[in-house]
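A.B. asks: Here is how the chains run, residue by residue.
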Amino acid sequence: NAGVTQTPKFRILKIGQSMTLQCAQDMNHNYMYWYRQDPGMGLKLIYYSVGAGITDKGEVPNGYNVSRSTTEDFPLRLELAAPSQTSVYFCASSYSDRRTGELFFGEGSRLTVL
Amino acid sequence: QKEVEQDPGPLSVPEGAIVSLNCTYSNSAFQYFMWYRQYSRKGPELLMYTYSSGNKEDGRFTAQVDKSSKYISLFIRDSQPSDSATYLCAMSAEIGGEYGNKLVFGAGTILRVKS
Chain A
1 NAGVTQTPKF
11 RILKIGQSMT
21 LQCAQDMNHN
31 YMYWYRQDPG
41 MGLKLIYYSV
51 GAGITDKGEV
61 PNGYNVSRST
71 TEDFPLRLEL
81 AAPSQTSVYF
91 CASSYSDRRT
101 GELFFGEGSR
111 LTVL
Chain B
115 QKEVEQDPGP
125 LSVPEGAIVS
135 LNCTYSNSAF
145 QYFMWYRQYS
155 RKGPELLMYT
165 YSSGNKEDGR
175 FTAQVDKSSK
185 YISLFIRDSQ
195 PSDSATYLCA
205 MSAEIGGEYG
215 NKLVFGAGTI
225 LRVKS
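If you read the sequences in order, they're chains A and B. This note's numbering numbers the first residue of the first sequence as 1 and each following residue consecutively. This note's numbering numbers the first residue of the second sequence as 115 and each following residue consecutively.
Calculated directly from the structure, the hints in this document are not laboratory data. Here a beta-carbon is modelled for each residue, glycine too, at the ideal position from N, C-alpha and C. It cannot be assumed that every hint is accurate.
In silico DSS-like pairs for lysine-lysine, Cα to Cα no more than 25 Å straight-line [what the hints assert, rightly or not]:
| no. | chain 1 | residue 1 | chain 2 | residue 2 |
| --- | --- | --- | --- | --- |
| 1 | A | K44 | B | K156 |
| 2 | B | K184 | A | K44 |
| 3 | B | K181 | A | K44 |
| 4 | A | K44 | B | K116 |
| 5 | B | K116 | B | K181 |
| 6 | A | K44 | B | K216 |
Calculated from the model, a selection of chain B residues having no Cβ within reach of chain A, i.e. all distances over 10 Å [what the hints assert, rightly or not]:
| no. | residue |
| --- | --- |
| 7 | L125 |
| 8 | P128 |
| 9 | A131 |
| 10 | S134 |
| 11 | S140 |
| 12 | S167 |
| 13 | G173 |
| 14 | Q178 |
| 15 | Y185 |
| 16 | R226 |
| 17 | V227 |
| 18 | K228 |
| 19 | S229 |
Please construct the entire structure, taking both the sequences and the accompanying hints into account.
C.D. replies: Take a look at the structure:
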């Protein structure tokens, strides 16, 4: 199992450009999440999904969009990139039943907006 | 006031030392507590999970929860250079399902263990 795979690992964008961060998991998890991690701020939830076709906003959704057409994939779209979106983005997934609370994270995508 | 407070460090200790990492929180509804370890340029991975108050031990690691004080700790005995990482506490009032949208993370403490 590859677990949670994120691409690209690094990207530099100019202000106003758009891009999609890709996330795929092969653990058949229903629940998937996008977090951003900024220095000294912890992980903040951007969007999450409870299954194919169902998504919902997290704590910091502005400037982002998501879709979930399959169980495996959960891409994050950045529209009109702004310097405030410079961050490390983590995709995560979890089981649907009551377990240990474990989220499985990808290795992250480092985005710089200049 | 942040819902979860965690000293960002960095905390630098010699190999073999006992390390204490701590978080305080304000939401009395939290009852599920986790510690994630994050190596440089990697995603977080679950290290310890505890429910409600008390201690839980796993090898060199002990997680402690004091709900009366709203304080949780992670102790690392006989610390090793391979323990050098960022340690994030996380907590939630519920578990299971899509609870990940209700998980609150601390900012993380950077730990460096010197050989």
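A.B. asks: Indicate, hint by hint, whether the structure satisfies it.
C.D. replies: Verification of the supplied hints:
no. : hint            : result
1   : A/K44 x B/K156  : holds (17 Å)
2   : B/K184 x A/K44  : holds (21 Å)
3   : B/K181 x A/K44  : holds (24 Å)
4   : A/K44 x B/K116  : holds (13 Å)
5   : B/K116 x B/K181 : holds (17 Å)
6   : A/K44 x B/K216  : holds (10 Å)
7   : L125            : holds (15 Å)
8   : P128            : holds (26 Å)
9   : A131            : holds (25 Å)
10  : S134            : holds (20 Å)
11  : S140            : holds (14 Å)
12  : S167            : holds (16 Å)
13  : G173            : holds (16 Å)
14  : Q178            : holds (17 Å)
15  : Y185            : holds (17 Å)
16  : R226            : holds (16 Å)
17  : V227            : holds (21 Å)
18  : K228            : holds (23 Å)
19  : S229            : holds (26 Å)
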